[in-house]
Amino acid sequence: MSKGRFGVHGGQYIPETLMNEIINLEKAYEFYKNDPEFNAELDQLLKEYAGRPSLLYYAENMSKDLGGAKIYLKREDLNHTGAHKINNVLGQCLLAKKMGKTRVIAETGAGQHGVATATAAALMGLECEIFMGKEDTDRQALNVYRMELLGAKVHAVTTGTMTLKDAVNDAMREWTSRVNDTLYVLGSVMGPHPFPTIVRDFQSVISKEAREQILDLEGKLPKAVMACVGGGSNAAGMFYNFVEDENVRLIGCEAAGHGIHTEKHAATIAKGTLGIFHGMKSYFCQDEYGQIAPVYSISAGLDYPGIGPEHANWHDTGRAEYVPVTDEEAVAAFEYLARTEGIICAIESAHAVAHALKVAKEYTPEDSIIICLSGRGDKDVAAIARYRGVQIYE
Amino acid sequence: MSRSKNAFDHGKAFSAFITGGDPTIEKSEEFILNMVDAGADLIEIGVPFSDPIAEGVVIQDANLRALSNGCTTDDLFELVRRVRTKTDVPIVFLLYCNSVFKYGYDRFCAKGQEVGLDGLIIPDLPFEEKNELAPIAASYDMDIISLIAPTSEDRIKKIAADSTGFVYVVSSMGVTGVRSEIKTDLASMLESIREATDNPAAIGFGISTPEQAKKMAGIADGAIVGSAIVKIIAEHGADSTPYIVDYVKSMKAAVLEA
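Those protein sequences? They're chains S and B, same order as listed. Residue numbering for the first sequence follows our numbering, beginning at 1 and increasing consecutively. Residue numbering for the second sequence follows our numbering, beginning at 1 and increasing consecutively.
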């Protein structure tokens with residue numbers, strides 16, 4: 001079995017052209033992750049630039065309304081650029097600089113990772129090119145303009161389903177044509193080793209803070225933590241420091257789109273099977289011949305046919321649970337949180353909120369649960385309006 | 001016993017690639033048999049995949065055409081079975097890991113052997129991951145063709161030493177597609193490969209003109225052409241045969257001049 005395995009999942013299924021570069025990246029990461037200077041620089045960036053630590057907010061109105069557990073929101077939406085993605089890109093772009101790279105490329109779905117990468121690249125003086133499915137450049141036109149404002153070049157990907165998976169395909173193709181000066185800043189806990197580990201480590205700051213914060217506030221661990229899962233980066237970050245706390249339930253919320261009984265979903269754990277794609281062995285939505293399925297979600301950030309290999313293993317071992325949440329449930333939760341707490345969250349994060357609405361009553365007010373509010377929802381307002389039949393365009 | 005290396009038994013080899021099922025399975029059979037008649041020493045059939053990450057636009061589009069016509073891996077096995085009744089030319093599949101994995105490594109190799117397939121070229125199965133498939137493939141005489149890239153450097157020797165059939169030398173960075181110029185120092189790559197293995201080596205990626213084919217076959221044991229042929233099919237569709245035949249003849253003649 002090769003390196004970077006989580007149970008049977010993970011590995012390095014990539015073209016030979018990239019292998020030496022991936023090996024270099026692994027070596028560089030293994031060095032810098034233990035380098036006090038690198039960590040001091042990253043900590044300073046997270047604090048001074050991204051605005052960490054993010055708040056752990058007690059959602060009192062929501063908790064009382066639901067009449068179950070005390071609900072806490074880990075406010076990643078308050079980070080600079082409005083989502084958890086900045087945690088990872090500051091780490092990876094700093095790593096790129098240390099490796100002597102002058103250019104970064106990245107894929108993006110909703111545009112949050114693209115905006116975060118363009119932001120970090122602008123800050124650190126790196127050339128930046130973003131690959132984004134044409135479908136998503138239409139759905140998230142403001143984010144395209146935002147990336148361009150930040151000095152990035154945005155490629156609208158017109159191959160395949162023109163969404164996140166196709167953006168990853170084209171970013172990988174671009175990387176094989178130019179590795180010497182370029183780092184592919186992968187946005188989720190996916191792809192070939194060492195990306196799933198690197199991204200999880202950089203995102204684990206979420207649960208490192210949240211665990212300390214909840215112990216301060218409640219004096220005990222939460223009963224459950226939950227997060228939305230596409231590729232799974234905010235969930236991996238939210239889960240990681242609770243993995244050893246066996247009594248804390250870890251719940252990942254997948255995009256069920258129109259429902260997992262239809263073909264319009266992106267629920268990889270519920271409906272996927274074991275496969276090899278985008279450099280990793282994991283679960284994928286695919287047909288009997290291994291053709292990757294055209295998945296669907298109202299949320300561009302969860303519209304991905306696979307899941308990170310560590311999640312696949314947490315599912316296999318039973319350490320984490322994965323549940324499907326439909327578009328309708330997510331939109332209702334999006335509206336509920338806005339009305340109840342005055343917080344407009346990302347439609348991705350609303351999938352986790354929706355599940356909390358379902359399970360809060362299973363607990364008592366002595367218990368707490370934490371929802372990772374992975375991003376803010378400004379980008380989604382027009383799309384939600386249209387979902388409700390109000391014709392607003394950005 | 002390796003059969004894919006038989007392609008190199010008669011001097012410098014010309015390897016011709018088409019995407020299976022583009023535009024139809026019946027046409028693929030016609031194109032293959034005509035390419036063999038025109039002098040192709042090895043036939044590579046691309047198994048269409050939804051997300052071919054090592055391919056440029058020309059072959060990506062061919063994959064889409066084939067898939068939208070409903071082409072499946074089983075259709076391509078049957079294609080090989082039919083072609084095999086008419087020619088002994090070595091035939092290999094070029095395909096992505098998931099197409100083999102999802103079918104089942106054992107089931108895939110068994111079926112391949114049964115229909116007369118000689119090897120597999122898998123661009124997303126590097127040396128590090130090869131061992132989950134290689135022993136199974138070997139038990140069915142299925143060569144796993146190793147790829148060596150311009151960035152392989154210190155990896156060349158271990159990859160070449162472990163190769164079965166022949167070595168596929170990737171001429172350039174990036175994805176498949178026609179290139180006006182190939183800048184990689186292929187001669188020194190070939191030197192390293194030959195120190196590590198007696199298996200023949202053929203160069204692919206970016207080759208389209210007879211001049212390039214002659215030059216590449218001069219450095220290596222053969223030249224592999226894909227996108228240039230697929231481009232003819234994109235242009236002429238079902239009527240491509242005469243154009244493909246002329247092209248393969250000119251390329252084979254160029255390779256023999258090397």
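There could be a bad hint or two in this list.
[Stated by the list, open to error] Heads up, simulated DSSO-like pairs for lysine-lysine below, C-alpha to C-alpha not over 30 Å straight-line: (1) K64/S - K358/S; (2) K97/S - K27/B; (3) K27/S - K231/B; (4) K3/S - K86/B; (5) K158/B - K27/S; (6) K86/B - K231/B; (7) K264/S - K358/S; (8) K153/S - K158/B; (9) K208/S - K223/S; (10) K183/B - K111/B; (11) K86/B - K27/S.
[Claimed, not checked] Label pairs and their in silico Cβ distance ranges: (12) V245/B - I392/S: 40 to 46 Å; (13) D154/B - E48/S: 38 to 44 Å; (14) G51/S - E211/B: 44 to 50 Å; (15) L274/S - S139/B: 20 to 26 Å; (16) E127/S - E30/B: 43 to 49 Å; (17) L274/S - D162/B: 25 to 31 Å; (18) R178/S - S139/B: 36 to 42 Å; (19) K249/B - G7/S: 51 to 57 Å; (20) D154/B - A338/S: 53 to 59 Å; (21) K3/S - D246/B: 44 to 50 Å; (22) E321/S - Q113/B: 39 to 45 Å.
Quick caveat, the hints were computed from the structure, so don't treat them as lab data. All residues carry an ideal CB built from backbone N, CA and C; glycine is no exception.
- Query: Is K64/S close enough to K358/S, meaning Cα to Cα at most 30 Å?
  - Reply: holds (14 Å)
- Outcome for the supplied range 44 to 50 Å, where the beta carbon pair is G51/S and E211/B: Between G51/S and E211/B, where Cβ atoms are some 59 Å apart, the hint is violated.
- Item | Satisfaction of the hinted span 36 to 42 Å by the C-beta atoms belonging to R178/S and S139/B | holds (40 Å)
- Task: Take a quick look at whether K158/B and K27/S sit within 30 Å of each other, Cα to Cα.
- Result: With Cα atoms ~20 Å apart, K158/B and K27/S stay inside 30 Å; holds.
- Task: Take a quick look at whether K97/S and K27/B sit within 30 Å of each other, Cα to Cα.
- Result: violated (51 Å)
- Verdict for E321/S, Q113/B (Cβ pair) under range 39 to 45 Å: holds (43 Å)
- Item | Agreement of K27/S and K231/B with the hint, judged by alpha carbon distance not exceeding 30 Å | violated (41 Å)
- Query: Is the distance from the Cβ of V245/B to the Cβ of I392/S consistent with 40 to 46 Å?
  - Reply: About 58 Å separates the Cβ atoms of V245/B and I392/S, which means 40 to 46 Å is violated.
- Item | Hint check for D162/B and L274/S - Cβ pair distance inside 25 to 31 Å | holds (26 Å)
- Query: Does the alpha-carbon distance linking K208/S and K223/S stay inside the 30 Å limit?
  - Reply: holds (16 Å)
- Given pair status - K231/B, K86/B, alpha carbons within 30 Å: holds (26 Å)
- Query: Are the Cα positions of K183/B and K111/B separated by 30 Å at most?
  - Reply: Violated - the C-alpha atoms of K111/B and K183/B are around 40 Å apart, more than 30 Å.
Checked against the numbered hints given earlier, the structure breaks hints 2, 3, 4, 8, 10, 11, 12, 14 and satisfies all the rest.
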